[in-house]
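With chain C fixed as given, assemble chain W onto it according to the hints.
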Amino acid sequence: MRKNFEKEIQHLKDELLVLGSVVEAQILGSVESLKKRDLDASRRIYETDDQVNSKRYAIEEQVMIVIATQQPMAHDLRLLASILEVSGELERMGDYAKGIATVSIRMGDEPLLKPLIDIPRMAEKGADMLHRALGAFVHEDVEAARAIPAEDDEVDGLYNQIYHELMLFVIQDAKTIERANWLLWVAHNLERLADRVSNICERTVFIATGELKELEKHDKK
Amino acid sequence: MKMEIAESVFLMAAAVESPAKMIVRDLAVFYGKFRALNGVNLSIPTRMITAIIGPSGCGKSTLLRSFNRMNDLTSNCRVEGEITMEGENLYAPGVDVVDIRRRVGMVFQRPNPFPKSIYDNVAYGPRLYGIHRRSDLDGIVERSLKSAALWDEIKDKLHQSGLSISGGQQQRLCIARALAVEPEVILMDEPASALDPISTLKIEELMQELKKDYTIVIVTHNMQQAARVSDFTAMMMIDDARAGRLIEYDATNIIFTRPKDKRTEDYVTGRFG
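Protein chains in written order, with the working numbering: chain C, 1 to 221; chain W, 1 to 273.
Take these hints with a grain of salt, some might be off.
If we take Cβ atoms under 8 Å as the criterion, some of the chain C residues that face chain W in the derived model are [to be verified]:
(1) M73
(2) H75
(3) L77
(4) G210
(5) K213
Source of the hints: derived by calculation from the structure; they are not laboratory data. We put the beta carbon where it would ideally sit given N, CA and C, even for glycine.
Just chain C, same shape as in the assembly (with noise of 0.2 Å):
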């Protein structure tokens, strides 16, 4: 039955995944061109995020048509309308990349205050955990979905390490200001993307059990 509407709802899947790879990439992206100093590479990353913010638009669109030509209803709405939602939470994310590419673009030749190590780190724990999220989202795999907030203790922890450290330095010599601001800023955007993963993962419970609340995380802040 509905074999058309489950085409549909396929593509959407299909195309999310998409949005969600390379929003994936520019994260990754963002803060390799930032450590390499490339900063040809960060503005390619800056002009992506077009491509992003469009076929977000793209998405929501197909979304909209699928709603109004085929009258979801239970668990085709809560899906339809999750989508919507995690195309969102994905901009956003690649709002953050895009910040993170700005850093760098108006660091200019400055060199890095410290080598990065940290900052990476929390940059490749996001992408992970956006990269599992988006897979638990399509296959409705609720209990991935509820383990998954839980690792944003380890991309707190980094971030309190790393705001730590800069004020070492700032403390000991007020003109790295600039320096331990620009990278604070660049964590602070890696925190905040990976507040948002456990949106994703709201919602894929929202989906499969039609219970919208908000997951544990052990928050320490």
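Using the frame of chain C, we list chain W on its own:
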């Protein structure tokens, strides 16, 4: 799902929102040896719209028709269990069936005005109940047609045939005819399935007005309509013995966004069958 547990919940579900106008307990309806309905328990909340949905042949209309004993008109039909209206069992011996049908009116799938004038269609019921004074009837006709949102459109042609107006107007005329005898409950069996979309929306808007004063039960195949108009939705389906059963009953918002029963889910998402 265990039927016994679920059904006690069905009686409770609506009670929190509004006191029950009618309560169905262990209802079974037989046509000869064939059991058309089995073990139905349901409470119909006062001045709310309750929709009954489910695939063809699941007993929706049979259930609807038991609310005003219309099934009595079918030969070899037998009813077990009870339906109470404000505590009074409609199936108790000695109950005045004519009075039940006055208190529980019905609107059918196809508009079926009598081949009489618009005025006489509406005045038909009150006359049957002994109201003959012209001024009384005039008042009833005007009030009923206004309640059915039809007065403004036909007030200048009250003495034209009831069949001379459009299908949508005819259906509202039938609603006015039902209202004229001051019922408490209005049963609607697919009231808009023979109408165009605009007429359908008019009927749906009218239902929202009517529920301020009346308790409404509607059978519909149109799930979007059930979702749009009703406060509560009862989902029915046939069991292995081909008898109609109530399988889920809840607030309409729940039934169409997160139903609990897989069969309801399959039906409302169009994957049934």
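Of the numbered hints stated earlier in the document, which are not met by this structure?
5
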